[in-house]
Amino acid sequence: MLAWTIYLSFFGALACLLTPRANPRATRAVALGTALAGLFCGLKGALEFNPTNGLEVVAFAHWIPVLGIDYSLAADGISVTLVLLTGLAAVVGVLFSWNVEHRANEFFALFFALIGGVYGVFLSLDLFLLFVFYEIAIVPKYFLIAIWGSTRRDYAAMKLALYSFIGSGMVLIGMLAAYAVSGLSSFDLQALAQYSFTVDFQRWAFPLVFVGFAILAGMWPFHTWAPTGHSAAPTAASMLLAGVVMKLGAYGCLRVAMTLFPEGLKLWQHELAALAVTGIVYGALVALVQKDFKFVIGYSSVSHMGFVLLGLVTLNEIGWSGAVLQMFSHGIIAGLLFGVVGRMVYDRAHTRELDKLEGMGLVRALPFAAVTFVIAGFASMGMPGFSGFVAELQVLIGAWQAFPKLAILAGVGIVIGVVYTLKTTAKVFFPDKEAAESHDYHAHELEPISIPERVGAALLILSTVLIGLHPRLLLDLIVPSFKSPLFEGLRKVAGL
Amino acid sequence: MNAPDYFQLLSALAPEVIVVSTALLVLAVDLLGLQNRPRSFRMSIVAGLTALGCATAIGWMLLKSTVGAWPGGMFVIDPLNQTVKAVILLLTLFTALLSTEAKFTRHVGEYFALILLATVGMMFLASTENLLMVFASLELVSLALYVLVAFNKQSRASAEGAMKYFLFGGMSAAFLLYGFSLLYGLTGTTHVPQMAQKLLALGADPLGTVALVMVVIGFGFKLAAVPFHLWAPDAYEGAPLPSAALIASGSKVASVFVFAKVMLLGFNQPGQGSNAVAAGGWTLLLSIIAASSMVLGNLAAIRQSSVRRLIAYSAIAHAGYLLIGFLAQGGEAFTSLLFYVTTYALTTIGAFGVLGVVEAQIGGDQLKDFAGFSRRAPLLAGCLMVFLLSLAGIPPLAGFFGKFYLFAAALNNEPRSLPFLWLVVLGIAMSCVSLYYYLQVLKQAFVVEADANARPLTVPFLSHVVVVLLAAAVILLGCMPGWLLDTLHQAVDKLGW
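So the sequences go chain by chain: A and B.
At position 278 of the first sequence the residue is numbered 1136 (the numbering used here), and the sequence of numbers has no breaks.
At position 314 of the second sequence the residue is numbered 549 (the numbering used here), and the sequence of numbers has no breaks.
By construction, these hints were calculated from the structure, which means they are not laboratory data.
Note that the coordinates shown come from a computational prediction; the quantities given were computed from them, not determined experimentally.
A couple of the hints might just be wrong.
Ranges between beta-carbon positions, derived for each pair [as the list claims (entries may be wrong)]: (1) A:A1316 x B:I710: 51 to 59 Å; (2) B:L656 x A:R1349: 55 to 63 Å; (3) B:L656 x A:V1273: 42 to 50 Å; (4) B:W657 x A:V1273: 41 to 49 Å; (5) B:W657 x A:L1042: 21 to 29 Å; (6) A:V1270 x B:R538: 30 to 38 Å.
Even glycine gets a Cβ: it sits at the ideal position worked out from N, Cα and C.
When you get a sec, could you build the whole thing from the sequences and use the hints?
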């Protein structure tokens, strides 16, 4: 069932491309159908999934026997969680792109090519296959930003493409070296994870692969593609970028770098934790001083993804499960924030400058946007009751056990997060009264929030609240995954 | 020799005979029957005949696959070189079909006859293991190609490109011949496998090293590897489009194959055998040439505004990637090299096909001429995207798998110390650079809007078909590399290389 998420998305991409250019409504219908079908497959797969089984084979066929490459898809709780996230992001992404009229068929075709690649990465058990899907996700991003983007889109699109490609190049080197050194003639992740590479090899191979993936996860100091990319991208693309694509990177770190080279992780644990915490604090501080609404969210993404990376390198189970939960949670919340900023506000007000937005009286013009943003802001700050709280708390507990000092610094990052979120909310939606009146903008000029936007926002809010109130829904899926043979080496190194 | 021998030889040479006869037929038909007809008519008839000849030769090889060897390795038929010859013929076939719209010459028959003669040269090149024969067929290819590059008599660029190509080619042929004669002097034979044994017995020898360097120079020119690449940009830019396509595809396949034979069978393998000194020498030499080709080709390509020159520099870069494959172990080296060069050639011909339409309809090959291409010819633009992304090495396209296999093969040679890791790292880094300039072209085609008065292009039906076929091949060979890979692998296994 889960494998169909991939096929349906690619098929949907083709179908969207073939819809007539002059008829965006048809394209949208196809797109929504594809996204819903993908989500449905993901949900059904999740319900059928038995979390105690560890890795469950989804599809298997020999692909390129000469090199020992198999078409091998498998799922554990982590994959299922992220597949669900992707499904949600796809549906909401389509809903928030309802106003795309310019070359709509190409837009949705690229959109679903990206989604298909993402599903594929989350489900691959063969390293080569994973890499193929990973790269498939790169090219659509370039065109989505370059064609439908806004400010400095040329620059942002190229920067994003090159950063991603460099990251994947690093992964490719590590992967080829691991293939050659192991002599197993196989790219099967489980087989490679059970092979013990020498410590000397892991010393350089681990950081190479980990950082290669972490570039896409927005790890400081390789994060700079993220804010520019996010803010130049059209709404749906930035929702996907922050919501799902950054998770590809984090997922790769966990699934490939950490399982293959656990000793390497142990060697580099502290350095990477320091980078992660730097990202948390730095991202938050930079978000504090941004003048562009989307850049605030862009840097906050860098900050929140720092928690994912921090959780991953803690080398304890609570940190790992927190990291995976944070991937899900941030995917939802970032999607929501970008939806409000890009679609609800920017598409109507045609500016993202905080100073200009301040004078528009948006709370009266777009009350729905204001409410959504406040909720999303709370979720993003880590308020109890929302998914972000559970996730970041787990990461912090895990980090506290591994590196207490850094954990405190990460806590400081959360506090700064509260500050910039509140500051931005206040400035955009609840400005001082005089400022609002002095400006000659009229509330009724802005078109009201449309139904698709409402539905999309509601879906995301529901998910974050649901997981916030009942995190076991996902944790029961995630935690048993770490018991599978794939993570054996990692557990041994962690002393679990 | 008596008569039955000749008959046997002729029947073994049937594919070559078919191609030569087609060349003569083409000349005759054009000269005797078509002189007063309009040029486009002549073009279609003659190109059709050419394609038919190639197809017949391929069909013959498929239906009557034989094996055999003639004394001294002068002419050898085995499954591997049959495959390579089929690929070469296929590439010529596509080139011929793509050139039906060309308007640069009145000498239609001569043009296609030369293409066919070059093809015959490539076929002989693929099926010989004798240095003498290698040289003779290499000259057959080169002389035909010099003329083909110069064929556009109205264009100064064409003449300039041909002159450069000729001068560099002549020099490198001299080097090659000198190297070969030194080898003959050292070993007393021109048969490559025998030569290898003698060289092995000889051990490290200064004269052998000189010969080696000469040979590398000679072939380096054919591959357009740095520092023997200077002719490539001008020849690619000035030559009539089909000639450029042929240089970039068929000629490349044949030269890589024969170069690999001479190097990997003739000189010893790294990590194998006892003359580690000579072996170490040529690995280092090839590594350096590979590294400088990748770096220079990719960096220079960034600055190009003409797409033809861009493809030329990218060809230089790809020659660099190719040379990494020489560092793999025997059989794997052949398989990975041939897979890579075949997919590369198919991709490049496709790109030239698109380029041909753009040049004919918009009148230039500058980056800006591609503006709004996706609106004016959506299908072709899609194919162009496939070709360029494949060249950049994006999965699931053939170019990615080719590169991947090359790198994996090179690393698999001595996996403990990974001596070629630095080259692989450099290759991957340079692929990132290459994505930048390929995206520049695609940006023009897909992102930049065309002028307000730009109309949809009228793409000739045949070009459409050929380009789409090639794009489909590039996608299929990327998704299902096994189709070609298994054939090559089995053929190489049978030879025991």
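Going down the list of hints, with the structure as the test:
1. The given range of 51 to 59 Å is broken by A:A1316 and B:I710, whose C-beta atoms sit roughly 40 Å from each other.
2. Against the hinted window of 55 to 63 Å, the Cβ-Cβ separation of B:L656 and A:R1349 comes to about 30 Å, which falls outside the hint.
3. Taking 42 to 50 Å as the suggested C-beta distance range, the pair B:L656 and A:V1273 conforms, at roughly 45 Å.
4. Between B:W657 and A:V1273 the C-beta distance comes to about 46 Å, which sits within the given range of 41 to 49 Å.
5. Range check, B:W657 to A:L1042: Cβ separation about 24 Å, and the 21 to 29 Å hint holds.
6. Checked against the given bound of 30 to 38 Å, the beta carbons of A:V1270 and B:R538, roughly 47 Å apart, lie outside it.
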